[in-house]
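*Asks:* Please take these sequences and the hints and turn them into a complete structure.
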Amino acid sequence: NAGVTQTPKFQVLKTGQSMTLQCAQDMNHEYMSWYRQDPGMGLRLIHYSVGAGITDQGEVPNGYNVSRSTTEDFPLRLLSAAPSQTSVYFCASSDRDRGYGYTFGSGTRLTVV
Amino acid sequence: AQTVTQSQPEMSVQEAETVTLSCTYDTSENNYYLFWYKQPPSRQMILVIRQEAYKQQNATENRFSVNFQKAAKSFSLKISDSQLGDTAMYFCAFMKARGGGSNYKLTFGKGTLLTVNP
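Protein sequences, first through last, are from chains A and B. Numbering of the first sequence is given in this note's numbering, commencing with residue 1 and proceeding in unit increments. Numbering of the second sequence is given in this note's numbering, commencing with residue 1 and proceeding in unit increments.
FYI, nobody ran anything at the bench for these hints, they're computed from the structure. Glycine included, each C-beta is placed from N, C-alpha and C at the ideal position. Honestly, I wouldn't trust all of these hints.
[To be verified] With the Cβ distance kept under 10 Å, some of the chain A side facing chain B (calculated, not the full set):
| hint | residue |
| --- | --- |
| 1 | Glu-30 |
| 2 | Tyr-35 |
| 3 | Gly-42 |
| 4 | Arg-44 |
| 5 | Tyr-48 |
| 6 | Val-50 |
*Replies:* Below you can see the structure in the form of structure tokens.
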């Protein structure tokens with residue numbers, strides 16, 4: 001049981017480049033989210049999904065797109081990378097019983113130069 | 001909107017001693033969940049303990065326990081017999097207990113960096 005798998009673990013981008021952060025879970029969880037973690041800011045919600053085909057914006061969605069074509073996958077797309085998007089990104093999933101909290105991936109450290 | 005406040009950016013404790021991390025939150029909900037997550041230097045987010053607001057009894061997981069004061073909206077984490085492996089960032093988080101969609105959102109505090117000294 002792999003849980004939540006994120007790739008890549010590290011990435012350096014040039015300003016203006018685009019890329020996709022991959023996230024996959026094998027727990028048949030309905031709910032998936034993307035967070036970014038910045039020093040002194042905690043974790044902030046970028047986008048979330050309540051099931052295949054359904055996504056919505058979180059607190060800091062600008063500059064990011066998501067889609068959810070299957071229950072398992074929830075990729076995050078950076079459209080035109082900016083230095084302000086330098087951060088650690090976490091994907092997380094939860095099943096309907098929210099009392100167990102979220103299972104997190106191992107994170108992606110992204111640097112935009 | 002819910003807010004979570006961790007007032008201690010950094011703390012330190014000697015190995016084998018006990019330490020308490022503070023967390024307060026603001027919500028108009030009556031039912032909700034509270035969590036403590038640990039983030040060691042490996043960066044992995046690990047669920048340490050959870051508490052359901054409608055349960056009076058404080059949650060306990062081995063050396064970790066909470067002091068949940070619903071009226072005061074306080075949710076502190078006590079670590080007993082601290083170990084070097086407890087060195088990590090600790091995040092307090094809130095989630096509503098009902099409703100779909102965005103109600104599944106986890107709201108995090110900014111974290112407390114705990115260092116356990118030998």
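*Asks:* Please go over all the hints and tell whether each is borne out by the structure.
*Replies:* Quick rundown of the hints versus the structure:
Contact between Glu-30 of chain A and chain B, as hinted, is supported at the beta carbon level, the nearest pair being about 9 Å apart and thus within 10 Å. Proximity of Tyr-35 of chain A to chain B holds as hinted, the smallest CB-CB distance being about 8 Å (cut-off 10 Å). Hint status for Gly-42 of chain A relative to chain B: holds, with the closest Cβ pair at about 4 Å, below 10 Å. Satisfaction of the interface hint for Arg-44 of chain A is found here, the shortest Cβ-Cβ separation to chain B being roughly 8 Å, below the 10 Å cut-off.
The interface hint given for Tyr-48 of chain A is met, as the beta carbon of that residue sits about 7 Å from the closest beta carbon of chain B, less than 10 Å. A least Cβ separation of about 6 Å between Val-50 of chain A and chain B falls short of the 10 Å threshold, and the interface hint therefore holds.
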